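Enquirer: Residues per chain, in single letters:
Number of protein chains: 2
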Amino acid sequence: MTALPADLISRFSAITGEKFALTDASAVAPYLVETRGIFHGTTPLVLRPGSVGEISEILKLATATDTAIVPQGGNTGHVAGQIPREGAADVVLSLSRLNRIRDVDPVGNVIVVDAGCVLADIQKAAEAAGRLFPLSLGSEGTCQIGGNLSSNAGGTAVLAYGNARQLCLGLEVVLPTGEVWDGLRRLKKDNTGYDLRDLFIGAEGTLGVITGAVMKLVPRPAGHEVAFAGLRSVADTLALFELASQRCGEALTGFELVPRIGIDFASRHIPGVRDPLQTRHDWYALIDVSTSVSDEAAREMIEALLADAIEKELVQDAVIAASGEQRRALWHMRESLSLAQRPEGGSIKHDVSVPVSSIPAFMAEADDAVTAVIPGARICAFGHMGDGNIHYNISQPVGADKQAFLDRWKDVSAVVHGIVLKFGGSISAEHGIGQLKRDELAEIRAPIEIDLMRRIKHAFDPAGIMNPGKVLQTGL
Amino acid sequence: MTALPADLISRFSAITGEKFALTDASAVAPYLVETRGIFHGTTPLVLRPGSVGEISEILKLATATDTAIVPQGGNTGHVAGQIPREGAADVVLSLSRLNRIRDVDPVGNVIVVDAGCVLADIQKAAEAAGRLFPLSLGSEGTCQIGGNLSSNAGGTAVLAYGNARQLCLGLEVVLPTGEVWDGLRRLKKDNTGYDLRDLFIGAEGTLGVITGAVMKLVPRPAGHEVAFAGLRSVADTLALFELASQRCGEALTGFELVPRIGIDFASRHIPGVRDPLQTRHDWYALIDVSTSVSDEAAREMIEALLADAIEKELVQDAVIAASGEQRRALWHMRESLSLAQRPEGGSIKHDVSVPVSSIPAFMAEADDAVTAVIPGARICAFGHMGDGNIHYNISQPVGADKQAFLDRWKDVSAVVHGIVLKFGGSISAEHGIGQLKRDELAEIRAPIEIDLMRRIKHAFDPAGIMNPGKVLQTGL
Numbered sequence: 001m002t003a004l005p006a007d008l009i010s011r012f013s014a015i016t017g018e019k020f021a022l023t024d025a026s027a028v029a030p031y032l033v034e035t036r037g038i039f040h041g042t043t044p045l046v047l048r049p050g051s052v053g054e055i056s057e058i059l060k061l062a063t064a065t066d067t068a069i070v071p072q073g074g075n076t077g078h079v080a081g082q083i084p085r086e087g088a089a090d091v092v093l094s095l096s097r098l099n100r101i102r103d104v105d106p107v108g109n110v111i112v113v114d115a116g117c118v119l120a121d122i123q124k125a126a127e128a129a130g131r132l133f134p135l136s137l138g139s140e141g142t143c144q145i146g147g148n149l150s151s152n153a154g155g156t157a158v159l160a161y162g163n164a165r166q167l168c169l170g171l172e173v174v175l176p177t178g179e180v181w182d183g184l185r186r187l188k189k190d191n192t193g194y195d196l197r198d199l200f201i202g203a204e205g206t207l208g209v210i211t212g213a214v215m216k217l218v219p220r221p222a223g224h225e226v227a228f229a230g231l232r233s234v235a236d237t238l239a240l241f242e243l244a245s246q247r248c249g250e251a252l253t254g255f256e257l258v259p260r261i262g263i264d265f266a267s268r269h270i271p272g273v274r275d276p277l278q279t280r281h282d283w284y285a286l287i288d289v290s291t292s293v294s295d296e297a298a299r300e301m302i303e304a305l306l307a308d309a310i311e312k313e314l315v316q317d318a319v320i321a322a323s324g325e326q327r328r329a330l331w332h333m334r335e336s337l338s339l340a341q342r343p344e345g346g347s348i349k350h351d352v353s354v355p356v357s358s359i360p361a362f363m364a365e366a367d368d369a370v371t372a373v374i375p376g377a378r379i380c381a382f383g384h385m386g387d388g389n390i391h392y393n394i395s396q397p398v399g400a401d402k403q404a405f406l407d408r409w410k411d412v413s414a415v416v417h418g419i420v421l422k423f424g425g426s427i428s429a430e431h432g433i434g435q436l437k438r439d440e441l442a443e444i445r446a447p448i449e450i451d452l453m454r455r456i457k458h459a460f461d462p463a464g465i466m467n468p469g470k471v472l473q474t475g476l
Numbered sequence: 001m002t003a004l005p006a007d008l009i010s011r012f013s014a015i016t017g018e019k020f021a022l023t024d025a026s027a028v029a030p031y032l033v034e035t036r037g038i039f040h041g042t043t044p045l046v047l048r049p050g051s052v053g054e055i056s057e058i059l060k061l062a063t064a065t066d067t068a069i070v071p072q073g074g075n076t077g078h079v080a081g082q083i084p085r086e087g088a089a090d091v092v093l094s095l096s097r098l099n100r101i102r103d104v105d106p107v108g109n110v111i112v113v114d115a116g117c118v119l120a121d122i123q124k125a126a127e128a129a130g131r132l133f134p135l136s137l138g139s140e141g142t143c144q145i146g147g148n149l150s151s152n153a154g155g156t157a158v159l160a161y162g163n164a165r166q167l168c169l170g171l172e173v174v175l176p177t178g179e180v181w182d183g184l185r186r187l188k189k190d191n192t193g194y195d196l197r198d199l200f201i202g203a204e205g206t207l208g209v210i211t212g213a214v215m216k217l218v219p220r221p222a223g224h225e226v227a228f229a230g231l232r233s234v235a236d237t238l239a240l241f242e243l244a245s246q247r248c249g250e251a252l253t254g255f256e257l258v259p260r261i262g263i264d265f266a267s268r269h270i271p272g273v274r275d276p277l278q279t280r281h282d283w284y285a286l287i288d289v290s291t292s293v294s295d296e297a298a299r300e301m302i303e304a305l306l307a308d309a310i311e312k313e314l315v316q317d318a319v320i321a322a323s324g325e326q327r328r329a330l331w332h333m334r335e336s337l338s339l340a341q342r343p344e345g346g347s348i349k350h351d352v353s354v355p356v357s358s359i360p361a362f363m364a365e366a367d368d369a370v371t372a373v374i375p376g377a378r379i380c381a382f383g384h385m386g387d388g389n390i391h392y393n394i395s396q397p398v399g400a401d402k403q404a405f406l407d408r409w410k411d412v413s414a415v416v417h418g419i420v421l422k423f424g425g426s427i428s429a430e431h432g433i434g435q436l437k438r439d440e441l442a443e444i445r446a447p448i449e450i451d452l453m454r455r456i457k458h459a460f461d462p463a464g465i466m467n468p469g470k471v472l473q474t475g476l
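In the order they appear, the protein sequences are chains A and B. With the first letter of the first sequence counted as 1, position 312 gets the number 312 in the numbering used here; the numbers rise by one all the way through. With the first letter of the second sequence counted as 1, position 208 gets the number 208 in the numbering used here; the numbers rise by one all the way through.
Don't read these hints as lab results, they were simulated from the structure. Owing to the predicted nature of the structure, the values given are computational and were not obtained by experimental measurement. For each residue, glycine too, the CB sits at the ideal point set by N, CA and C. Certain hints may be false.
Partial list, derived from the structure: chain A residues whose beta carbon lies under 10 Å from chain B [said to hold, decoys possible]:
id, residue
1, 7
2, 8
3, 10
4, 159
5, 242
6, 455
Given the sequences, and given the hints that come with them, work out the whole structure.
Expert: Now the structure itself:
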């Protein structure tokens, strides 16, 4: 247990009530582990406030006493932004009890939510009002909207609907001083001064605590269809994406790249998953189309696209889902790709993006470089091709020692990220910086950019209590 | 002429060359007048740099000598953000010579442009590459993308494609110190630290000078259709908008509200404009549909929508454009509404937004309040209904004294904006704050919000040289 004076623990606990102030090692343990098991946090205290007012009191006390605060939502982040530092006395501030849907306005197409609402619960509330809340990602049953906003989450529907940033109209934020900024606006257009909302989105809790949000809803599409196509190369898959964009326009709601090895892993390890096509192909595209017209219209659109692509010899073979169940099965296969890597041993993962037109060149160069560093490395690169966002994951060589492979994470990442940067790409497309990529960010960005971020951090949080050591290095 | 030491004028002029440093009263005059004629600027010097390097040198010198700099694009802004202060010694920095299209990537769907590129030129470059750059507004033949971004311009295609902010992927900005931030990223997804891009967008040149931008392109729609419908009320128009959103989804690319008086004004004063419908109606909707399929598909979609709306007794009468020429004529009528008010005398204008679902209630309350203040005032409220953005314009009573009417601008605005705020709306939906609404912003926003903006301003521009007196009050 790291040090925080007992009387200070008592003062914080008095704000939430003892029941919601956890100090017991077994009670705080779940707040200290992160999905990848790379970072291990420590904390003297987990606070579970029940209101914005309590959060305001907590931050006021934290600023007065120089106590570091780590906001935490569903604890599903991939870069340890939500985990307290190891060996420090960071207090964890859990948002889980702020889980009320405050309002749903189907005419205005907005939903107003507490930051601790689970993403799937917001999706359900939208559905009950006859609307779609399009943010969708693997952890949606656990992750919270406050975390989604703080990390600007992406997911599978970004192509058509945008990421968390683009789905947000307004925010409520408690500042480090305890002051509350009520920016819960429901407006599609509002040009009145600096864009504070977008500054808090993606700031990973380092500038304040998001406590509420106004999110956009959209009409539920009347028609939906999913196809799965086998192709020869990444370049052909890019050409298919262009053709799909041209033919389907805004109806193209998903375009995912899947490698052969991903199908092998998933059909080997994930119950119920099997290869959707009769013959083997090197690459696959999952194509998702939604229209405001009907399932028939979506199907016709996807059939015409595939017919054109087959005639152009882009697509070798393809299948169109025959039912809602088959559609879900195709998406399930895609979403299981990360999980399917686990039984294959160690995996070095990268969440990168490059300009869409550079994907084939990036992949070719990265594949060569990685297999030169680790011969036999099995590259399982998949993801949101339409967004230029590739999860460039690398499974260990067959029979290699897992830990020895994982020990080379930094070397391999340096190689991959170097090529990403050469193509003008991003080393974190949708997961954020957190602790995992903090030092690397400082290295790759121009000093003026890091300096501007530091100035913002200092202007908003001069005491440096908000999630220290995340995004930016401390003490510089 | 306001004061700036002659040697300082020489030093600034040496950076651009004398030819591009204007001091002559007749040469600088065009930079000092704004569209509405409310504000009259003064300046000792207009600089017309030809490169990012020259702008960097200018800002470095300005910071060193405490010289105020006012960036100016096409000088089409409606809130005098681009006009130097009256009686100060602000130097105008014209971006007009930075007008190069740097790159077009149709596969990646991006265009990279200098800040001084005229909007229409960017549209043309996109078209030449087989793509659409969807930002579109009345002044597109004159306004520049740097100004569009600095004011987060909206226009007629926001419903489907978003405003300038949503169309921007990356920026290049010269900071007050002369340092250049190269944020010209072409990425759809990039979660690496604070969102600097969105901070500069909409900052109206008060944090730095935008010199370049990466903007999104989209596939050109294959089909397009426009309809014009007559309705009984604003509430019916809102119901029609909901129906259109549901039936057309993302294919709904425009939904504009037009009042009867607007048709009267336009057909009276704008050559070639006539009432598109046989009978008179109190309200009208211009409906624009674009699809990736064909003109026929767009027409079928709009026909089915209107048939449904007529059966539901929402729409009284409607016409569908029979040709591209008729489509342009319908849009021309909509776009001439502001101009058509001029011959009717003085006009007090408001660029406001409210939640879409509140438009009917807002309009009813505002109409009552305004006509109570000025009996006989003719309210010509029109605009982007789908965005909740109404140009709530008020023409003077017939026969009233124009100046006496305009002298009541502040009284009337206070009434209208008060009702806007009651509905959670914005006093500037798409035009920005500039000088026109600066003091009002300080009054209506919570002190913490203004304080956060001030902290950002101070962090980026401690010397206060960047466009002082715009957005935020100075010297507080």
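Enquirer: A separate judgement is required for each hint: does it hold in the structure or not?
Expert: Tested hints:
{"no.": "1", "hint": "7", "result": "violated (30 Å)"}
{"no.": "2", "hint": "8", "result": "violated (26 Å)"}
{"no.": "3", "hint": "10", "result": "violated (29 Å)"}
{"no.": "4", "hint": "159", "result": "holds (8 Å)"}
{"no.": "5", "hint": "242", "result": "holds (6 Å)"}
{"no.": "6", "hint": "455", "result": "holds (4 Å)"}
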